[in-house]
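S.K.: Sequence:
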Amino acid sequence: MKYIIYNIIILKIILPLFAWCFLCLLINAAYAEPIIGNLLPERSAPSPVVVKDADSLPKAVPNTGAHRIKFSCTVFSPNENCSIKSVRALMGHTATFQDVYLRSDPRHTLPSGEGRYTGSLLVDSLADCGTYWTPLRAEDSAGAQGQGMTRFTVVFHRPDDFPAIGSSEFKTLLERAGDSNFAPGNVIQVLADGPAALAKRMELIEQATRQINLQSYTFDKDAAQGALMELLLKKAKQGVEVNIILNAGSQLPTSPSGALRLELDELVGKWLESAEKKLSTNKPGEFVVKNFLSKSPGRGVNLILVSSKDLAQRHNARKGPPDHWLTRVLEDKGVISPDRSPPWDIREIFKGPGGLPALPLLDHAVHEKILVVDGARAIVGGRNLEDQYFDAWTDLDLYLEGPVVDQIQGGFLYNYRELGRTNPEVRPPMDLTVRNQVTGSQEAMFVQSKPWDKDYAALYALIQSIRASEKSLYITSQYLSLSQSLLCDAIMDAAGRGVDVRILTNSYETSSQLYFSAGYFISLNNMQDLLDAGARIYTVNGEPGDKGAPYCHSKEYLFDSKMAAVGSFNLSLRSSYIESENLTFVDDAAICLDREKDFLQRIGNPATEITAGELAQQKIKYKNRLEIAWYLDLLF
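Numbering of the sequence shown is given in my numbering, commencing with residue 1 and proceeding in unit increments.
These aren't lab readings, by the way, just hints derived from the structure by calculation. The reader is advised that the hints may include incorrect statements.
Below, a list of computed lysine-lysine pairs in the BS3-like style, where the Cα atoms sit at most 25 Å apart [stated by the list, open to error]:
#1 Lys234 with Lys221
#2 Lys471 with Lys597
#3 Lys171 with Lys333
#4 Lys70 with Lys59
#5 Lys200 with Lys234
#6 Lys471 with Lys171
#7 Lys70 with Lys85
#8 Lys619 with Lys333
#9 Lys333 with Lys59
#10 Lys309 with Lys454
#11 Lys623 with Lys333
#12 Lys52 with Lys85
#13 Lys597 with Lys200
#14 Lys70 with Lys52
#15 Lys621 with Lys333
#16 Lys171 with Lys200
#17 Lys237 with Lys221
#18 Lys237 with Lys200
#19 Lys454 with Lys171
Simulated restraints on C-beta separations [claimed, not checked]:
#20 Asp532 with Asp161: 34 to 44 Å
#21 Asp500 with Thr153: 50 to 60 Å
#22 Ser337 with Asp222: 45 to 55 Å
Cβ atoms here follow ideal geometry from the backbone N, Cα and C, with glycine treated the same way.
Let the hints inform the model, and build the full structure from the sequences given.
M.R.: So this is what it looks like as structure tokens:
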């Protein structure tokens, strides 16, 4: 009996306890410091540097490009025989700021460098607004660090003497913001009709003799009954170089993007019948390879599928922590508090790809749409290469000839070389960037943005154009996903100044025609501030399903009846800060007046103006869906 009791004690108590201790040791060895290390004497480490009286003045500044923030702090090192090596204000997490190195004040500094430090920062005219928590970090000669925290606020402001649209001063300002230049002497044709836009693409490709450069967010092999893909293969067979850039996340049948967007539609009550078709079990890119690479003769088609993983690695390797706009959005969502200091390292709240929060689908992507043939003729705009963009929805492209095509060709070739670096099998393109001759009388500028490289040129050019608007600002966008952002600030400021601001977007009915029906509820969540500022918002009338008015996919901006901008850029956080985009600014009154006439016709019929009362009713009607959509801004 005694031995039985002993066995029970061993089996039921001692062995499980031993196993538990052993498991703890394994976990500790894997994820913490080794146990044996805790038994050894601790190595003496330098004590943290003391940073006191951290401050920044003034506490609020406008983003006019003419105001400075002055930083100051007092620094001491508790480590013997050590001097202060550096003191700096950490501003690297912002889009337009750099770290500011503070200098010692000779009147209040010891020979060791301990004492008072000051420095100043010029707040950029394109600085995002909101509260900036700024660490003042000091390091001594022993490598010890310490920091204090201060904060200041940037508010949106347009100087009274801002240059007017059309003036030479404005063009210089816009060229600087867009990192490009206006090119005169072009022929520009607006492609508003879908079948005509497709026919123009087919015509250009058919007439190509040397090179076809094509970039799109999506490319359906069945576009126009497969004629577009077959024509590209035909030209490749004839010896024409065909270079294609596609966004992998939106292109592959197994894309998590497609799956998640379908799930979002289910959350807001709109699961579409074609959901199962999109959740294909094909291998990633199988249909692309089968229909392009395996069929292409000779040199074939040079195809680059750009993955979000590659773009995230480029972001992390080059630019470090995330930008301020994301902090502002998270404050707006209540994720972090604008009144409390963020974590020691602000990156602790950003865990996703490219420095973005760890949310599904929140990753960088290429969203541009470009076609250039023989380096001489181009089409840019909003249409992807799927049938609905040409035969069902409303969208907008520009056909261009002349010197501006050099900019578009150069933009594509830059994309091709940079995005092709991760694929050693991609052949270098033939460089046909030549000086196109003057062929017309219209002036234009092509602008691109690459957020993973902290290049926001398209956003900045758009904001400066809105700032310059004095009479009217007419915008068409498929949804409004602005939340707290610099672009929203600029539009509200224009409306507050008395500019006639009108925005046309999709209704619930037209949005339900595709997977982005959640975009309507996101738009509703972002309308209140715009309406309060004086902007007028219209939604395209329609009926549920495929009936009624078509879905609006256009991205168009009209400024003061003088200048137009057309491209791939939506009124959204993704277009502003996450996806690569392009805009073509056209400085031509005739084109702008024609587009204004078309815009005013579209908001007159068929469209409904969203008043404060109508918005209040929509919020009651869709209360639950709006609460869900509040957290989805960054996905659209």
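S.K.: Okay, which hints does this one fail, numbers in order?
M.R.: 3, 16, 20 and 21
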